[in-house]
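Trainee: Spelled out from the first residue to the last, the chains are:
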Amino acid sequence: MTAHLDLNDVSVSFNGFKAINGLNMRVRKGELRCLIGPNGAGKTTALDIICGKVKPSGGTVTFAGTALQDLEEYEIARAGVGRKFQVPSVFRELTVGENLEVARARRTSVVGNLRWDVRNAGGAHVERLAELVGLTEQLDRPAAYLSHGQTQWLEIGMLVAQDAELILMDEPTAGMTAQETRKTAELFARLKGRHTLIVVEHDMGFVKAIGDVISVMHMGQMLAEGTAAEVEAHPEVRRAYLGSGGISHA
Amino acid sequence: MDQFIEQIITGLSIGSILLLVALGLSIIYGSMGIINLAHGEFVMLGAYAAWVFHTYLGLGLLASLVPIFLVVAAFGWVIERFVLSLLNNRPLDTILATWGVGIMLQQAVRLMVGSELRYVQLPPALSGSMELFGLSVSSYRMFLFIVSLALFAATWLLMNRTTVGMKLRAIIQDRSVAASFGVNAKRVYALTFAYGAGLAGLAGALVSPLKSVSPDMGTGYVVDAFMVVVLGGVQSLAGTVASAFILGELSGGIAFLQNDTVAKAIVLLAIVVLIRFRPEGLFTARVRA
Amino acid sequence: MSLNGSTSNGLQRLTAQLAPLLIVCALVFALPVLLNNDFLLNKVARYLVLGILTISLGLSWGFGGILNLGQAMSFGLGSYAMAMALKLKTIPVHTGASGLPDFMVWNNVQALPWFWVPFRSLPFAIAAGMIVPALVAAALGWFMFRGRVTGVYVSIITLATMVVINLVIIDQQSYTGGFNGITDLAQLEIFGVAFDAYGRATYYLVAGCMMLSLLVAFAFTKSRAGLIVQAIRDHESRVRYFGYDVALYQIFVFALSAAIAGLAGMLYTVVMEFASPTFLGVQLSLSVVVWCAVGGRQSLVGSFLGAVLVAGMQGALSESAAFLETWTLVMGALFVLVVLFLPKGLAGLAQVVWRWIVQRRQAAGGVAQGVGQTEGST
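Protein chains in written order, with the numbering used here: chain A, 1 to 250; chain B, 1001 to 1289; chain C, 2001 to 2378.
Hints were generated in silico from the structure; no laboratory data involved. Please note: incorrect hints may appear among the correct ones.
Claimed, not checked - Some chain C residues well away from chain B (every beta-carbon gap over 10 Å; in silico): (1) T2015; (2) A2016; (3) L2021; (4) L2027; (5) N2042; (6) I2091; (7) F2115; (8) A2138; (9) A2160; (10) E2189; (11) Y2204; (12) L2227; (13) E2236; (14) V2358.
Stated by the list, open to error - Calculated pairs, DSBU-like style, for lysine-lysine (alpha carbon to alpha carbon, straight line, at most 35 Å): (15) K1167(B) to K53(A); (16) K29(A) to K53(A); (17) K53(A) to K192(A); (18) K2043(C) to K2089(C); (19) K2222(C) to K2043(C); (20) K208(A) to K192(A); (21) K192(A) to K18(A); (22) K2344(C) to K1186(B); (23) K53(A) to K2089(C); (24) K18(A) to K1211(B); (25) K53(A) to K2344(C); (26) K53(A) to K208(A); (27) K1167(B) to K1186(B); (28) K2344(C) to K2043(C); (29) K192(A) to K29(A).
Just so you know, these numbers come straight off a predicted model, no measurement behind them. Cβ atoms here follow ideal geometry from the backbone N, Cα and C, with glycine treated the same way.
Sequences and hints are given; from them, build the entire structure.
Mentor: Below you can see the structure in the form of structure tokens.
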């Protein structure tokens, strides 16, 4: 089994505090991996390291044969890594359509982008994407006017537009209604296979609905890996979650 | 050797004026994140207040210091309340707004008292000079040095040993959390800004006998003071003191070796490089990697 | 409206956005027909030049989020490039055969400094008037944006850099004319057309350059690169995670803005008939920010009109000193009010009013509700 993404003995510390301490994780191509763990376990930091927001102090991150740990964020993105942030991060003054257009980063150089899209070749594509995430009506509205759930959807749509090989999702369903969450699960099931996904989530129902393999982090390290049933039965996982009401309430 | 000591003393003198002006700016920038471009105009107001108190009320400079502080602080309070408090979370716009306010203050003074130069008398008790290391030093410059350090000490105590200071530090850390514990952020901000403005007013009054007083005198001060703050680090009062004297010595020294223009240019370039490579200032620890 | 044929929709929207721009250009070109006064025409040309300068700031500030407080640096460099070339054209007349500008003779300079030599060629000077500011800006941009300097710190660095260059120009009197600047210039002559500062040719030259700047800036903001630059303004770090090298885009818009400012500077020398250190002074640089904010920084036409209106009004009132002083006070107040209540300036206000009218009309006509009004920002 060759891993599509391979985190090997990765560490990072903030002011002497080891947020990640010797983390190992391997994800296969086309897999949908859920990453769970109690608060402060280092899940978001792990995503930060993969996408280059945080530079690891030790260890290697390899994606499709490329070492990522020393690259700039934009280089990592060009290598095929996309990221959705916990706090939905969209371009508030741009319209929904423009947001999707920016995300559709086929060409990234300045000179290459000094062109007009008068025939609106991207338009059809953008409209399809907007339909996918249910924002057709909002296509011409600035993103600042969207509700929280819609903003989440927009960012997910932007990641689909980006068409990255590896997609990192940080709490994609936070602030969504049950119905919206179900739609998100359906979408993820469709993305699986064509893309490799890592999803950080607290909602165990959602995790069980979408995930094949679940990775549990605790105190900056990998605690357990396996199916939902295996993980829930794991004694150390139970201990880690003790006091926070068990795994399904985390 | 004498020349060297003289140079050091000149530097200290420049540094104490810088510190006087920068202290208020540092408080405002460090705690509210506002780059107050009207700061120079607060200095100017303080200088004019000294002139007015002297010319129309016959009050000496030392006697009018407290009323000057209060008057300029009141200006600051009004400006915070009616302009800056409307600009939460728009840091770039606060620069523009304070600059506009500065223009208005400058122009209002020009319209009311004219743009001719005004002079404020040295307090008679301090008009002489004293011996220091075998050199004669103006008593008033000595006085400024001591006052600047005293004001720094007072400010430090205010920030670190009083409830208002504690509330302010709480707001700096996290405004919404502080608010949920019942800290009235609006009121504390207004008071902070007023205090910073008052300090600027004092600075203006104190330097007024050394330089002529004019409506546009503040412009130069705000630039210098800002450099002090940037060099010292945004949230470090002690850094402000250190950098005020470093800059004082540096500009004294460079001006001695080179001409004034080159000295200015070199200091500006140094600031540019500093901002690029250490925006948090020289005297603060990096918080997060 | 958002679902039907995308091609015609996109073109339609583009035309709607281009309309105000073309109307303004038409008015500018028609003005000499109505205004038969060379002195006034020269004044208007001056405001148009300041308008071009403000467009350039709107590009970097309104669209790129880069508040360049040293925008006048590029303007001044352009104006000096033109002044140097025009000064060298006067040489036999003013200083005899020695081949030196008069102020160099007064300062005992023996030979023409090397950096003056190429300015004997007018085409070189015109190219340099845009390329030099663009290169300086690109270098400064590289220095800042590679180090991820943002927001307020960009403003400080740009302002400080401009002041340094200003100080150097004043200090190096023998090579730059120092405090007095470069005066007593020849007339600009291109292809046999002489551009007298008070002539119509100059006015049309300025108007043509203004239209060109407006169109180039507009084309840029409507390109994909322009869109990405706006995305960077909104959320800089987010753009990186889509694979764009943010610093390169910032450097590009910064340099493009500088080139347009340089063009404005060259025209200013032609219109004013001299170059002076005040052209790259703090005063002018901050005034440009005011004009841009008042007109509306996210609108190119708005920025332009802001400069023309405010500078024009100031010019009209400058005949009486007392009036001018009051005006400065009013200006300061107006500026503070705009910052507080109209972050998008007069253009933003116009947009709101326009949308309101359209909605009223739609409501009156009984047409279905106004879904998704387009942002008509040009």
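Trainee: Are any of the numbered hints broken by this structure? If so, which, sorted upward?
Mentor: Numbers 9, 23, 24 - these are the hints that the structure violates, sorted from lowest upward.
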